[in-house]
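For the protein sequence lines, the chains are Y and H, in the order given. Just so you know, the numbering used here puts 81 at position 81 of the first sequence, and the rest follows in order with no gaps. Just so you know, the numbering used here puts 142 at position 142 of the second sequence, and the rest follows in order with no gaps.
Derived from the structure by calculation, the hints contain no laboratory data. All values reported here derive from a predicted model rather than from experimental measurement. Some hints here could point you the wrong way.
A pair counts as met if it fits within one copy or between any two copies, since identical chains are not told apart.
[Said to hold, decoys possible] Straight line, CA to CA, 25 Å or less: simulated SDA-like cross-link-like pairs of lysine to any residue:
1. K105 <-> F181
2. K36 <-> K105
3. K86 <-> E153
4. K151 <-> Y8
5. K29 <-> I174
6. K105 <-> E28
7. K86 <-> A54
8. K83 <-> T39
9. K109 <-> A166
Number of protein chains: 2
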Amino acid sequence: SPGNKISYSNRGMTLEDDLNETNAYYLEKGLAVIHKKPTPVQIVHVDYPKRSTAVIKEAYFRQASTTDYNGICNGKYIDFEAKETKSPTSFPLKNIHDHQIDHMKQIIKHKGIAFVIIRFSQSEEIFLLEAEYLFQFWDRMKRGGRKSITKQEIETHGHPIELGWAPRIDYLKIIRTLYSF
Amino acid sequence: SPGNKISYSNRGMTLEDDLNETNAYYLEKGLAVIHKKPTPVQIVHVDYPKRSTAVIKEAYFRQASTTDYNGICNGKYIDFEAKETKSPTSFPLKNIHDHQIDHMKQIIKHKGIAFVIIRFSQSEEIFLLEAEYLFQFWDRMKRGGRKSITKQEIETHGHPIELGWAPRIDYLKIIRTLYSF
Ligand SMILES: [Mg+2]
Ligand SMILES: [Mg+2]
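All chains, full assembly: derive it from the sequences and hints.
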């Protein structure tokens, strides 16, 4: 019933929070070992008031050279990026960086599984789009085409993920079906 | 000849530097996609003098919940920790944390490859020790036994890695031989 539908409204949680909970669930159940990588930070100055409590006093955010999440499930290497967009009709490709595309291409070349999880925050819809399709839209942009993937294209080539309780965002189910493992 | 022997002396490089160069070499040659994870940092306060140059003004080092390096080579998930010790005769297990052992056990369970790279800084010797052996010595400690792995035990069960030019620390060669891929 609509009353049981899980919604982002008033939960105060981000896509990242939900993916972290999902990964914690997978880990606890022994289903997969997938972690978010720490935010890359360039540390410039550290104070050592005591040896045990170093305080970073000056640091800067660095651009990630890879995707945010990776790990293993049943012998398969898994690698993905998660992105939210406020646009109701398309996913802007400026959310992805060149080196992240390069990284995902390398992963595919080494027989890993790479994809992106896209959340449309207005409609609260979540999709998994395999990297192979992302590359096609990326290449279209590089050839001078549109700088985004339309929502309809994502609906056509991607896979919707319903928000659940546990796991919240069951992307593994989709991947295990797609790759038969 | 001894004159050609590569040494850490006066190079001013750490084990981590050498592993980063090794991984950059593997990536460039298409041999593997293995990265060091960023140092985990708990960010407390960020200043935004301009939108483009956020400055982290207060942050703290967090303990890593996984190992430092992971990635993929030819379909195989690879995961390892790198540690240096100044002790000439043994590797103190206090260098490893409980959750890192738990993490490596999960990786093995999921058919990944996990190991530790240990450098004895005094003798400049580097060894690769598979996680399965690390677990045995860890369990010995937990049963009240010695809190370190002797260098002789590492020589018996581990694999020496010669320092080279490119790649500097060719751990992949050992792993590909051990696991036949
Ligand atoms: Mg990111
Ligand atoms: Mg470490």
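We went through each hint and held it up to the structure:
1. K105 <-> F181: This pair counts as both: shortest intra-copy Cα distance 21 Å, inter-copy 21 Å.
2. K36 <-> K105: both (19 Å within a copy, 18 Å between copies)
3. K86 <-> E153: within (17 Å within a copy, 57 Å between copies)
4. K151 <-> Y8: within (19 Å within a copy, 54 Å between copies)
5. K29 <-> I174: Within one copy only: 17 Å inside a chain, 32 Å across chains, cut-off 25 Å.
6. K105 <-> E28: Result: close only across copies, 13 Å inter versus 30 Å intra.
7. K86 <-> A54: between (38 Å within a copy, 23 Å between copies)
8. K83 <-> T39: Both: 15 Å inside a chain and 22 Å across chains, each within 25 Å.
9. K109 <-> A166: between (32 Å within a copy, 22 Å between copies)
When the structure is compared with the earlier hints, no violation turns up for any of them.
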